[in-house]
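Participant: This is what each chain is made of:
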Amino acid sequence: GAGVSQSPSNKVTEKGKDVELRCDPISGHTALYWYRQSLGQGLEFLIYFQGNSAPDKSGLPSDRFSAERTGGSVSTLTIQRTQQEDSAVYLCASSLFFMQGILSVGELFFGEGSRLTVL
Amino acid sequence: TQLLEQSPQFLSIQEGENLTVYCNSSSVFSSLQWYRQEPGEGPVLLVTVVTGGEVKKLKRLTFQFGDARKDSSLHITAAQTGDTGLYLCAGADSNYQLIWGAGTKLIIKP
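Chains F and D, in that order, are what the protein sequence lines are.
Okay, so the first sequence: first residue is 5 according to my numbering, each after it adds one.
Okay, so the second sequence: first residue is 29 according to my numbering, each after it adds one.
Hints in this document: simulated from the structure, not taken from any laboratory.
Do not take every clue at face value.
Claimed, not checked - Restricting the straight-line Cα-Cα distance to at most 30 Å, the calculated cross-link-like pairs of lysine-lysine (BS3-like) are:
#, chain 1, residue 1, chain 2, residue 2
1, F, 61, D, 133
2, D, 87, D, 98
3, F, 61, D, 98
4, D, 133, F, 15
5, D, 137, D, 85
Said to hold, decoys possible - Partner residues are not named here, just some residues of chain F that face chain D (Cβ under 7 Å, in silico):
#, residue
6, 46
7, 47
8, 95
9, 111
10, 114
11, 115
12, 116
13, 117
We put the CB at the ideal spot given by N, CA and C, even for glycine.
Excised from the complex, chain D in its bound form (with noise of 0.2 Å):
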């Protein structure tokens, strides 16, 4: 059974720092994304990686796929409070079916 582990679990830390949130498995994924879910709605397509190594970057946020895509990273810079969320990553397997993550709950404080 493939998992995709998220760490850490939660992470409540100030406006203006940094931050990083991790995707791992032991199995490789054809692509990977991630996602932010908001109180009281569904997640939202952040971006899409398709290949190792592969570095997007959507303002602040800085997103990393493993070389051996195997595992990806979230970082932030300088977060603001509107970051706020739930952070979702979805791998797509063999299968082209998606296996998640548990999620990272993000609190940004003023």
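With the rest of the complex left out, here is chain F (with noise of 0.2 Å):
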């Protein structure tokens, strides 16, 4: 598709179990981030990857989260052992990062998010 695709849209699921969350970018995106969003609040970084480089993993809250992005494309957020506390929605984007002349941040492109709700 043209833009980031993430699945699943919903899930609900019980305290203490593990859940996956998909993230496809936009193809030739080299950058890619996680934020997580509570209801109607602003954007809680997560992670990023930007091409081959170590991922910057200073926003993960907890070793419960881990995130991975396999062949520099599609990413996987997974949280083990679900507190009620992770309910929110999870928003994935990706952006073009490159130089001209000096770094700059381009366009972040998000998807529509996966709203996790744990019971």
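Each chain sits in its own coordinate frame; assemble them with the hints.
Facilitator: The structure is reproduced here in structure tokens:
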């Protein structure tokens, strides 16, 4: 597709279960971001992938959270032993990150998000 | 830690009125982006400002980047119901990572 695709769009799970959220970025975009958003709030940074560089994991809230990006394309965010406070919308975004004399942050293209509810 | 503060947090006005929302920081940003997010969707980029003092206009929306590149404003003229949404600003720090504000929730009443 032309845009960022996320799945599932909605996930309801029981406390203690593991969940996997998938992000399919725009083809050719080298940067990929995961954010978490609670209802009506701003974006909480989780993790950032840029090309073949080591990911920036500084936003992951605990060791229950992990993410990988395979082949520089699809990314999976995994939450182990889910807790009720993990309930939120998880947004994925991709962008071109290119040099034009200086490094620049390009436009982020967001998916529609995966709404996670932990009962 | 760099912070971006957005104000007001919430604004509800009548269609046809003008409004301004703000994005402020004590830190300098290399660039600043404004996004709008509608319910059930991801944020969509409205504008990127790069130069201190820069003003960009998109139809009824006017964006300004402060001279010192620490703050920005978004002014909407003659607001319409379609302007309703969550407005987010994001500044690029010295490592070109994005710092996000908490957003201004805007409701335009018919």
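Participant: Compare the structure with the hints numbered earlier in the document and write down the numbers of the violated ones, lowest to highest.
Facilitator: Violated: none.
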